[in-house]
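*Asks:* Just need the whole structure built from these sequences, with the hints factored in.
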Amino acid sequence: AMTDTASAQVAVARKDRRPDPTIAIRGGEDNDESLVGFRFSIPLFVRNNLDRELAAAIAENSAAENTLQNSIRIAEARLAAALESYNLFAGAWLEWEQTGVGSIGRQAEVLEVLYAAGEISASEFLVQTRQTVVARSTALELRLDLWRSWLEVLAASGLANRWLSLSEEPL
Numbered sequence: 131a132m133t134d135t136a137s138a139q140v141a142v143a144r145k146d147r148r149p150d151p152t153i154a155i156r157g158g159e160d161n162d163e164s165l166v167g168f169r170f171s172i173p174l175f176v177r178n179n180l181d182r183e184l185a186a187a188i189a190e191n192s193a194a195e196n197t198l199q200n201s202i203r204i205a206e207a208r209l210a211a212a213l214e215s216y217n218l219f220a221g222a223w224l225e226w227e228q229t230g231v232g233s234i235g236r237q238a239e240v241l242e243v244l245y246a247a248g249e250i251s252a253s254e255f256l257v258q259t260r261q262t263v264v265a266r267s268t269a270l271e272l273r274l275d276l277w278r279s280w281l282e283v284l285a286a287s288g289l290a291n292r293w294l295s296l297s298e299e300p301l
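Residue numbers (the working numbering): 131 to 301.
What the hints contain is simulated information worked out from the structure, not anything from laboratory work.
Take the hints with a grain of salt, since some may be wrong.
As the list claims (entries may be wrong) - Once the Cα atoms are required to be at most 20 Å apart in a straight line, the calculated SDA-like pairs of lysine to any residue come out as:
(1) 145 <-> 186
(2) 145 <-> 181
(3) 145 <-> 133
(4) 145 <-> 192
(5) 145 <-> 166
Claimed, not checked - Between beta-carbon pairs, the in silico distance windows are:
(6) 202 <-> 231: 50 to 56 Å
(7) 200 <-> 268: 34 to 40 Å
(8) 293 <-> 202: 54 to 60 Å
Predicted model, so just to flag it, every value in this text is computed and none were measured.
Where a beta carbon is used, it is the ideal one built from N, C-alpha and C, also for glycine.
*Replies:* This is the structure in structure tokens:
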């Protein structure tokens with residue numbers, strides 16, 4: 131909208147620089163005589179040829195175009211970064227699901243068996259259990275980061291409202 135407005139201002143400034151002739155016809159009666167008058171005028175830009183106004187409008191148009199291009203570049207970079215982040219987190223999560231989930235579950239089972247059999251002490255059992263809990267907590271943080279990156283992709287692409295079924299309009 132800003133670039134359209136600036137382009138329209140350039141068009142108006144260019145139009146204002148062109149001489150706009152005026153033709154006037156007047157008629158009337160005075161005492162029993164019919165009078166007709168013609169007038170023709172062309173404005174001459176002696177003191178102000180409106181070059182500065184046109185240059186200012188062109189500069190504003192250029193600034194609006196630059197702002198638009200900069201906004202597009204920022205939006206594209208934001209989306210690219212969000213997609214890259216999402217892909218990294220998704221890959222890490224898939225790797226975790228393939229290898230980590232099962233090993234954490236098995237580790238907890240083995241710890242219980244070892245403790246019940248008296249193979250490890252209570253303090254060793256607690257230390258190992260704490261490490262298992264930390265690993266699960268890290269996995270939950272990874273999943274939270276995955277969801278955050280997905281939401282950032284939706285926001286950067288302008289599709290968050292549509293995804294949430296709030297409206298068909300982009301952000």
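*Asks:* Quick one: are residue 293 and residue 202 within 54 to 60 Å, going by C-beta?
*Replies:* violated, 22 Å
*Asks:* Check the hint pairing residue 145 with residue 166 against an upper bound of 20 Å on the C-alpha distance.
*Replies:* violated, 32 Å
*Asks:* For the pair supplied as a hint, residue 145 and residue 192, is the alpha-carbon distance within the 20 Å limit?
*Replies:* It holds: about 18 Å lies between the C-alpha atoms, which stays within 20 Å.
*Asks:* Are the Cα atoms of residue 145 and residue 133 separated by 20 Å or less?
*Replies:* Between residue 145 and residue 133 the Cα gap is close to 18 Å, so the pair holds against 20 Å.
*Asks:* Taking only the CA atoms, is the gap from residue 145 to residue 186 under or equal to 20 Å?
*Replies:* holds, 14 Å
*Asks:* With a cut-off of 20 Å on the C-alpha distance, tell me whether residue 145 and residue 181 pass.
*Replies:* holds, 12 Å
*Asks:* Between residue 200 and residue 268, does the beta-carbon spacing fit 34 to 40 Å?
*Replies:* Given range 34 to 40 Å: holds, Cβ gap about 39 Å.
*Asks:* That 50 to 56 Å hint for residue 202 and residue 231 (C-beta), does it hold up?
*Replies:* violated, 42 Å
Violation of the numbered hints given earlier is confined to hints 5, 6, 8; the remaining hints are satisfied by the structure.
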